[in-house]
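Student: Each chain is listed here by its residues.
Protein chains: 2
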Amino acid sequence: MQEAEKVKIDLALIHYPVVNKNQEIIGSAVTNLDLHDISRAARTYGVDSLYVVTPYSDQQELFQELLDHWLKGGGAEYNAMRGEALSLVHICDDLDQVLAEVTEKWQRKPTVLATCAREKHSVMWPYRLVRQKITGGECFLILFGTAWGLAQEVIAAGDGILPPITGSGNYNHLSVRSAAAIILDRLLGPREI
Amino acid sequence: MQEAEKVKIDLALIHYPVVNKNQEIIGSAVTNLDLHDISRAARTYGVDSLYVVTPYSDQQELFQELLDHWLKGGGAEYNAMRGEALSLVHICDDLDQVLAEVTEKWQRKPTVLATCAREKHSVMWPYRLVRQKITGGECFLILFGTAWGLAQEVIAAGDGILPPITGSGNYNHLSVRSAAAIILDRLLGPREI
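Protein chains in written order, with the numbering used here: chain A, 1 to 193; chain B, 1 to 193.
If you are wondering where the hints come from, they were derived from the structure by calculation, not from laboratory data. Any given hint could be a false lead.
Simulated restraints, written as ranges between beta carbons of each label pair [claimed, not checked]:
| no. | chain 1 | residue 1 | chain 2 | residue 2 | range |
| --- | --- | --- | --- | --- | --- |
| 1 | B | ALA156 | A | TYR78 | 48 to 58 Å |
| 2 | A | ASP58 | B | GLN97 | 42 to 52 Å |
| 3 | A | TYR78 | B | ASN170 | 36 to 46 Å |
| 4 | A | ARG108 | B | LEU62 | 48 to 58 Å |
| 5 | B | ASP94 | A | ILE26 | 42 to 52 Å |
Note that beta-carbon positions come from the ideal geometry of N, C-alpha and C, so glycine has one too.
Sequences are here, hints too, so could you generate the full structure?
Tutor: In structure tokens, the structure reads:
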């Protein structure tokens, strides 16, 4: 298969500011498997970069070690496919840094959409609309929250939200790994299934 | 929101027989996060049960401890949503036991579909077709492989396969957690996105 024309879509996985189960603002620890799973899904669907946002230098160092293992160390020999996915990962201090890098890369400001498990007071962008705009060459940065989700200030600072993923009932407690996979399939997967 | 009419769909996560990177048949270790992520997605989309298949009694005991923690122990107090998802999990020795339990539950034999990352010599069931049949009340058991995927003998013993999930290019190395989430959304998610 040939690679399709490059789409201008990036993801950011936010570790601060997010909320805990009591809706208090916290910084979360970076999770090994989040990076593997989300970068593999991102690579599958042609996403340009996965920005991992944490202000904590010890966490940044830990994750640089993980990336080095899979990109240059023993992991690269064991399974080159992991490195191919993790090469999409960039570690950033905060969302401002992500926005600056993305804007420089595409030479324009992206539309920033947050994701959340519940409806919020924000503009809702249907998946089919975002899908059309991506195909039309527009730039999007999609934000994912770890822990119990993005802090309201992050959601409010963006241009809107993607609709929460609901299934057949009232339970919608997907992991961020599962939510990211589903959202990428909805935005970038085949229309005919 | 009301719960939708019950669909007759079950998942099985197979730990033996699966293959390693050299396509040799192995038994894999049960992974904590597979159970959390896939059961949460299953619960979200109204799946009846997630059968975790491993013949190893030490693995079965380990995972019974994990289930007990979230269903009855400290985890149940900390986060009841995890137990609500993990209550869908049943541990089985092999696929024959799964088939017997599912057949007894629905009072008929399910259509058994395997999932794999590459096209195999098997009947391919398009997602839209399976979706229609699920809506029409038919029973399906969807098999997921851990490690590097289901052994060929498991794929051959079923009624067919679901199409591999491909994105924009030739990289399709999703985690089983991500693949399960995407497949559930394709089979059971909203048609209008």
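Student: Next step is simple, just say for each hint if it's right about the structure.
Tutor: Structure-based check of each hint:
1. Taking 48 to 58 Å as the suggested C-beta distance range, the pair ALA156 (chain B) and TYR78 (chain A) does not conform, at roughly 29 Å.
2. Taking 42 to 52 Å as the suggested C-beta distance range, the pair ASP58 (chain A) and GLN97 (chain B) conforms, at roughly 46 Å.
3. Restraint check, TYR78 (chain A) to ASN170 (chain B): a C-beta distance of roughly 21 Å breaks the suggested window 36 to 46 Å.
4. A hinted range of 48 to 58 Å holds for the C-beta pair ARG108 (chain A) and LEU62 (chain B), which are about 51 Å apart.
5. The hinted range of 42 to 52 Å is satisfied by ASP94 (chain B) and ILE26 (chain A), whose Cβ atoms lie roughly 43 Å apart.
Comparing the model with each earlier hint shows violations of hints 1, 3; every other hint is respected.
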